[in-house]
Amino acid sequence: MKDPREAGMVGRRTDGTLIRRPLSPHLQVYDMMQMTSALSIMHRATGAAWSVGTVLLVWWLVAAAAGPEAFSRVEWFLSSILGMLVLFGLTAAAWYHTLAGIRHLAWDAGHGFELAQAYRSGRMVLVGTAVLTVLTWVLVFVFRG
Amino acid sequence: MAVKDSVSQSALRTPLGRVRGLGSARGGTHHWWMQRVTSIALLPLTLWFVFSAVGLAGAGYAETRAFIGAPLNAVLLLALIGLTFHHMAAGLQVVVEDYTRGEFARMATILVIKGVCLLMALASALAVLRIALGS
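Heads up: the sequence lines are chains A and B, in that order. In this text, residue positions in the first sequence follow our numbering: the first is 1, and each later residue adds one. In this text, residue positions in the second sequence follow our numbering: the first is 1001, and each later residue adds one.
None of these hints come from the bench; they were simulated from the model. Note that this is a predicted model, so its numbers are computed, not measured. Please note that a few of the clues may not be correct.
As the list claims (entries may be wrong) - Coverage of chain B stretches by chain A, computed from C-beta distances (three or more under 8 Å per stretch; other residues unrestricted):
(1) 1061-1073
(2) 1102-1110
(3) 1121-1131
What the hints assert, rightly or not - A short list of chain A residues far from chain B (calculated; beta carbon distances all over 10 Å):
(4) Arg5
(5) Thr14
(6) Arg44
(7) Val55
(8) Val58
(9) Ala65
(10) Phe71
(11) Phe77
(12) Ala94
(13) Leu105
(14) Ala118
(15) Gly128
(16) Ala130
Glycine is no exception: its CB is placed at the ideal position from the N, C-alpha and C atoms.
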């Protein structure tokens, strides 16, 4: 029997002819719980979470334009426990998506494909997300002071 | 199956030349490229917005309006709004294309996403303009 991993190596060129090259992660072929694939999935998840979070941006801007009563409702929500938790989660998602996005741009430019480099940049994204998220919220509490 | 190891290139046609103008909407690499362009533009804009938002934590109605309405801030906010919702629609479209089965469901979901993103962008931009132009 052929190596089942070969199933992930059957690609097609744009003119339709077959070529042996690795395809994108594929449930039946790859172990999805490796750090590399987990970070890739998280890039999508954080992008989706940030998309949902843009509702807060729209609400904040529209309320500021609408008047003081509407704005006080946004302030009430954002300073509530739930609002702060949502904002904290969004901060972490935003920093993750930003740092992982820079990692993707580096890959697009052809850098950092070696496995060791991919693991190192992945760890840098995780550590950077933690550091920047905490730093952002330290600044929030310093400014509110 | 003639599966080969190396990419054989036919005569003078480059790989980029082969994909230009292809794709389901004859858009070629445009969607992919615009996602990169908007992401690069969003890097400084998002950093600026995050730290501006941190500075506005606990600020009241008047101070927030003064920030949004300041000419430079209003311009940067409009740029942020346009690029954010463009990038968001493009990113969500790829997710839907990957996971949604069925031509109708896929197209309908993508159109709804684009419509919602456009409305959110317009609502945000109008709010910024109303504050900046002082009505």
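Exercise for the section: Grab the minimum beta-carbon distance between Arg44(A) and chain B and tell me whether it stays above 10 Å. Expected result: violated (6 Å)
Handout entry: Given coverage of the region 1102-1110 of chain B by chain A, tested with a Cβ cutoff of 8 Å and a minimum of 3 residues
Key = Per the Cβ count (0), the hint is violated.
Problem - Check on Thr14(A) being off the interface with chain B, judged by Cβ distance over 10 Å - result: violated (5 Å)
Practice task
Quick one: work out the minimum CB distance from Gly128(A) to chain B and report holds if it exceeds 10 Å, violated otherwise.
Solution key: holds (13 Å)
Problem - Assertion that Ala65(A) lies farther than 10 Å from chain B (Cβ) - result: Answer for Ala65(A): violated, closest chain B Cβ roughly 4 Å.
Handout entry: chain B versus Val58(A) - minimum CB to CB distance exceeding 10 Å, so not interface
Key = Its Cβ does come within 10 Å of chain B, the nearest being 5 Å, so this is violated.
Problem - Beyond 10 Å from every chain B Cβ - status for Ala94(A) - result: violated (7 Å)
Exercise for the section: Three residues minimum, CB to CB under 8 Å: does the region 1061-1073 of chain B make the cut for coverage by chain A? Let me know. Expected result: holds (count 4)
Handout entry: Outside-interface status for Leu105(A) - nearest CB in chain B farther than 10 Å
Key = It is violated; Leu105(A) is separated from chain B by about 7 Å at its closest Cβ, not greater than 10 Å.
Practice task
Test the statement that Val55(A) is away from the interface with chain B: the closest C-beta pair must be farther apart than 10 Å.
Solution key: Val55(A) is in fact no farther than 10 Å from some Cβ atom of chain B, at 8 Å.
Exercise for the section: Taking the shortest Cβ-to-Cβ distance between Arg5(A) and chain B, state whether it exceeds 10 Å. Expected result: holds (14 Å)
Handout entry: Per-stretch coverage check for the region 1121-1131 of chain B, three Cβ contacts closer than 8 Å to chain A
Key = holds (count 7)
Checked against the numbered hints given earlier, this structure breaks hints 2, 5, 6, 7, 8, 9, 10, 12 and 13; the rest are met.
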